[in-house]
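Undergrad: Residues per chain, in single letters:
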Amino acid sequence: MECLIGIRGKDFVLMAGDSVAGRSVVAMKKDHDKMYQLSNRLLMAACGEGGDTVQFAEYIAKNIQLYRMRNGYDLSTKAAASFTRRNLADYLRSSTPYFVNLLIGGYDDSDGADLYYMDYLGSMVKLPFGVHGYGSFFVLSVMDRYYKEDMTRDEALVLLQRCIDEIHERFIINLNSFKVKIVDKEGIHVMKDLRPTTKQPEETPGTQSMDIV
Amino acid sequence: MLGKLKNANLDLLLPEPLLPPDLESYPEFHSKYINSKNTNALINLSHGTTTLAFRTSQGIIVAVDSRATSGTYIASQTVHKVLRINSHILGTMAGGAADCSYWERYLSILCIKYELENKKKITACIASKLLANIIYSYKGMGLSMGTMIIGGDGKTLDIYYVDNEGTWIKGDLFSVGSGSTFAYGVLDSEYRFDMPIEESIELGRRAIFNACFRDAASGGGVSIYNVQTSGWAYLGRFDTSDLYWNNYKK
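Just so you know, the protein sequences line up as chains E and H, in that order. Mapping the first sequence onto the working numbering, position 88 (from 1) lands on 88, and the numbers just tick up by one. Mapping the second sequence onto the working numbering, position 47 (from 1) lands on 47, and the numbers just tick up by one.
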């Protein structure tokens, strides 16, 4: 029931995740942030089973920090994503597999902005845009239609707003708030939460109720 | 005595899970003997409860019911579902009574150890994370706990929800248990952050009462605690049937 969206632009990666933390039918927390900072210019969005997401994300984040402490420089996005994928794959056939789906977005000086899409089976692919969750069924076509290479930040935010509106329009689960972050050369910027644009209900002829006389 | 302590292994963190010998797989054991659909099930865990906690500008109110059920049998109407971890931190109990009371008691030991080692009081964030990490190591083995760790270190005040799936989230309002949906209904209708203290106590009491009314597995009485930065205070227990006949019957 969770939705994660990542969009790669010219020199930034825009990442968004819904902010509902639920347990069976109850929404326990409505301002939950599903994105974890791995390093100055690396961001990971994680969704999946409750405990696994936090534990795995924190494990990866601490290991990335450890690399930095030992070697004096940050891992590149590609290397961090590979490391994460290797851990997912190694734990997959152990007694404690991690049921998490991930989007890793980062900025390198050598490769620019990159977005990696990973699922709980340990598959990984570099993508211009990626979506996890049921929201993907509704949003991928919107992305295919409107995404173009080298978008600016504003264009990417407009595209993201379109996606959120579509999810709100058609997805049966109410995801009415998304946390949004941008990763670029300067680091990770927290943007304002995005909500679906409220539309005025349309007055169409034929929807007026008939008084029964 | 001191000599003995010198060599003692004071590292109490993460004991090895004690499993019965000759056990091929715990999930198999769990599905066969615990909460099994077949009538030969030997162990029937009690899950019914309603607990809630919410934060206002005047502190945190914690309200719980006091019924324990085994299937359709009411095992007790006077269970203490709020566990006192230390003078500043409370824990609530929902799910398996044994799991909650044992691990929250173990958590009090870890809190004392933290305070001795770090020379400062433990916060709810750290205490709840310690508990969540322990619970996570038993994931899939049949622990049943939905607990809230409430309180602080004298400067902070937080509510953290921790459960047997490994969820660990911070929030201002939570309700846990089989009657939680009913409690949410009353809470969400009237909750405001800037409520005066009397109104928030009444809201907590009312929400648990309504949950007890509708949920068969909740009842007995409503116990209320107030948590401030200076520590927690027990405000009393109100019997559910008294509340109904004397106060809320319309």
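A few of these clues could be false.
[As the list claims (entries may be wrong)] Beyond 10 Å from chain H on every Cβ pair, some chain E residues (computed):
#1 V26
#2 H32
#3 V54
#4 Y67
#5 F83
#6 D90
#7 L92
#8 T96
#9 V190
#10 P201
[Stated by the list, open to error] DMTMM-like cross-link-like pairs, simulated, lysine to aspartate or glutamate; straight-line CA separation at most 20 Å:
#11 K170/H / D11/E
#12 K29/E / E117/H
#13 K10/E / E49/E
#14 K139/H / D111/E
#15 K179/E / E166/E
#16 K129/H / E49/E
#17 K181/E / D11/E
#18 K170/H / D193/E
#19 K199/E / D165/E
#20 K185/E / E155/E
#21 K129/H / D188/H
#22 K179/E / E165/H
#23 K30/E / E165/H
#24 K170/H / D154/E
#25 K185/E / D109/E
#26 K192/E / E149/E
#27 K29/E / E202/H
#28 K129/H / E166/E
#29 K139/H / E49/E
#30 K185/E / D119/E
In short, the hints are calculated from the structure, not lab data. The C-beta atom is built at its ideal place from N, Cα and C for all residues, glycine as well.
Undergrad: Determine for every hint whether it applies to the structure shown.
TA: Comparing the hints with the structure gives:
1. V26: violated, 6 Å
2. H32: violated, 6 Å
3. V54: violated, 6 Å
4. Y67: Per Cβ check, Y67/E is outside 10 Å of chain H; nearest 22 Å; holds.
5. F83: holds, 21 Å
6. D90: holds, 18 Å
7. L92: Holds, because the least Cβ-Cβ distance between L92/E and chain H comes to about 15 Å, which exceeds 10 Å.
8. T96: Given that some Cβ of chain H is not farther than 10 Å from that of T96/E, nearest at about 8 Å, it is violated.
9. V190: Holds, since 17 Å exceeds 10 Å.
10. P201: holds, 24 Å
11. K170/H / D11/E: violated, 34 Å
12. K29/E / E117/H: violated, 33 Å
13. K10/E / E49/E: violated, 33 Å
14. K139/H / D111/E: violated, 39 Å
15. K179/E / E166/E: The hint holds at about 17 Å.
16. K129/H / E49/E: Judged against 20 Å, a Cα distance of about 17 Å means the pair holds.
17. K181/E / D11/E: holds, 14 Å
18. K170/H / D193/E: It holds: about 18 Å lies between the C-alpha atoms, which stays within 20 Å.
19. K199/E / D165/E: holds, 10 Å
20. K185/E / E155/E: holds, 18 Å
21. K129/H / D188/H: violated, 27 Å
22. K179/E / E165/H: violated, 24 Å
23. K30/E / E165/H: holds, 19 Å
24. K170/H / D154/E: violated, 32 Å
25. K185/E / D109/E: holds, 8 Å
26. K192/E / E149/E: Violated, at roughly 24 Å.
27. K29/E / E202/H: Between K29/E and E202/H the Cα gap is close to 23 Å, so the pair fails against 20 Å, i.e. violated.
28. K129/H / E166/E: violated, 37 Å
29. K139/H / E49/E: Holds, at roughly 11 Å.
30. K185/E / D119/E: violated, 26 Å
Consistency with the previously given hints fails for numbers 1, 2, 3, 8, 11, 12, 13, 14, 21, 22, 24, 26, 27, 28 and 30, ordered from lowest to highest.
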